[in-house]
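Here the protein sequences come in this chain order: A and B.
Going by my numbering, the first residue of the first sequence is number 1, and it counts up by one from there.
Going by my numbering, the first residue of the second sequence is number 1, and it counts up by one from there.
To be clear, the hints were calculated from the coordinates, so they are not data collected in a lab.
A virtual CB, placed ideally from N, CA and C, is assigned to each residue, including glycine.
Incorrect hints may have been included.
[To be verified] Computed from the model, here is a short list of chain B residues facing chain A with C-beta under 7 Å:
| id | residue |
| --- | --- |
| 1 | Ala49 |
| 2 | Leu162 |
| 3 | Ser164 |
[As the list claims (entries may be wrong)] Think about it this way: if two alpha-carbon atoms lie no more than 30 Å apart in a straight line, the pair counts; the simulated DSS-like pairs of lysine-lysine are:
| id | chain 1 | residue 1 | chain 2 | residue 2 |
| --- | --- | --- | --- | --- |
| 4 | A | Lys152 | B | Lys12 |
| 5 | B | Lys138 | A | Lys154 |
| 6 | A | Lys41 | B | Lys154 |
| 7 | B | Lys12 | A | Lys96 |
| 8 | B | Lys138 | B | Lys174 |
Spelled out from the first residue to the last, the chains are:
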Amino acid sequence: MILLKLFITFFKIGMFSFGGGYAMLPLIQLQVVEINNWLSKKEFIDIVAVSQVTPGPIAINSATYIGYKIGGVIGAVISTIGVCLPSVIIMFILLKFVIRFKNNNFIEDIFKFLRPTVLGLILAAAMIIFQESVLGFKEFLIFLFVFVLSLKYKLDPILLTLLSGILGYLIFT
Amino acid sequence: MKSFELFKTFFKIGAFTLGGGYAMLPLIEKEVVEKKGWIDEEEFLDLVALAQASPGPIAVNTAVFVGYRLMGIKGVLVSTLGSILPSFFIILIIASYFTEMKSSYIIERIFMGIRPAVAGMVLASVFRMGRNVILNFKKLVFVIVISISVWMYKITPIYIILLSILLGLYINFKRGKLI
Numbered sequence: 001m002i003l004l005k006l007f008i009t010f011f012k013i014g015m016f017s018f019g020g021g022y023a024m025l026p027l028i029q030l031q032v033v034e035i036n037n038w039l040s041k042k043e044f045i046d047i048v049a050v051s052q053v054t055p056g057p058i059a060i061n062s063a064t065y066i067g068y069k070i071g072g073v074i075g076a077v078i079s080t081i082g083v084c085l086p087s088v089i090i091m092f093i094l095l096k097f098v099i100r101f102k103n104n105n106f107i108e109d110i111f112k113f114l115r116p117t118v119l120g121l122i123l124a125a126a127m128i129i130f131q132e133s134v135l136g137f138k139e140f141l142i143f144l145f146v147f148v149l150s151l152k153y154k155l156d157p158i159l160l161t162l163l164s165g166i167l168g169y170l171i172f173t
Numbered sequence: 001m002k003s004f005e006l007f008k009t010f011f012k013i014g015a016f017t018l019g020g021g022y023a024m025l026p027l028i029e030k031e032v033v034e035k036k037g038w039i040d041e042e043e044f045l046d047l048v049a050l051a052q053a054s055p056g057p058i059a060v061n062t063a064v065f066v067g068y069r070l071m072g073i074k075g076v077l078v079s080t081l082g083s084i085l086p087s088f089f090i091i092l093i094i095a096s097y098f099t100e101m102k103s104s105y106i107i108e109r110i111f112m113g114i115r116p117a118v119a120g121m122v123l124a125s126v127f128r129m130g131r132n133v134i135l136n137f138k139k140l141v142f143v144i145v146i147s148i149s150v151w152m153y154k155i156t157p158i159y160i161i162l163l164s165i166l167l168g169l170y171i172n173f174k175r176g177k178l179i
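This is chain A alone, in the form it adopts within the complex:
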């Protein structure tokens, strides 16, 4: 019964969280802290902190963590599937629709607008991350260094991530 509850709750979270990442936080908090009392407010804040230093989307991280705490490994699996399933289904339907009407000119016209729009959204994301992380001159140097290496020399993002992690460890004391 608790497994079903986990599944339904995380399915709901996955279903109604648009925009990814931090946009999902209020919804997750409402469901797991206030409605179901699976976590205390403090535990929730801790999960957000841990999600920031582990790979993967915060929605999935909290689903896995809460699922495990409430229902063991099976709980973790069920919650994780629950939170991913709506995206998979809806994305799948959107994709089918786009492929089906690919040669219709209205899809082409829509994407003509969507491409610059999305570019603007990604630019906004870069600005927001910049604003939140570049708090001093050292941070700005890392930002500039990585930007140039990435744009001019096309260095691998994994390599750049590792490099900047080491740099951060060395220069922030």
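Given chain A, put chain B in place with the hints provided.
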């Protein structure tokens, strides 16, 4: 063999996406567009548009798109699984070994280096993609207006996506050219 390649690529993307949804875009661009050539730059933007229009994490939505393009339903399963397994295992280990979830000072320092780097990589991605999209001055203004409305005025991306879909339909209806 191809399904293993797909799994491996998305596992890698899942394992190295530190710093939230958009942080994975440069990595996807590198692995899926540049190295493998599974989709081109234009499709990559279409993919991000669809990923924004659909609920849920960008990571999962991207995996569904690329997986389906390459191998249909089977590809969706393989790539989605690949992208979520790294974080699944890491969180499982943290949840079972640490009673108190706390990040240490060392980890905090490492991430003080990674976060500005993510901003740099995402911005570099925008510049690279911009070369194919921003073909005239009107489009440049359009991109900047969109980004300021989200960055400064905190307008939720889904509304902007919906608005540009409506604009596209309107233009199609009028058969004119706005931008």
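Identify whether the interface hint at leucine 162(B) stands, where standing means a beta carbon of chain A within less than 7 Å of its own. Given a least distance of 10 Å, the restraint on leucine 162(B) is violated.
Quickly compare the C-alpha distance for lysine 138(B) and lysine 154(A) to 30 Å and report which way the hint goes. Measuring from Cα to Cα gives roughly 28 Å; hence the hint holds.
Between lysine 138(B) and lysine 174(B), does the CA-CA distance stay at or below 30 Å? 19 Å, holds
Could you grab the alpha-carbon distance between lysine 12(B) and lysine 96(A) and see if it respects the 30 Å cut-off? Status holds; Cα separation ~27 Å.
Within a Cα-Cα threshold of 30 Å, do lysine 41(A) and lysine 154(B) meet the stated pairing? 25 Å, holds
Given a cut of 7 Å on the nearest C-beta pair, is the interface hint for alanine 49(B) held or broken against chain A? 4 Å, holds
Taking 30 Å as the top limit, are the C-alpha atoms of lysine 152(A) and lysine 12(B) close enough? 23 Å, holds
Any CB of chain A closer than 7 Å to the CB of serine 164(B)? 4 Å, holds
In this structure, the one hint that does not hold is number 2.
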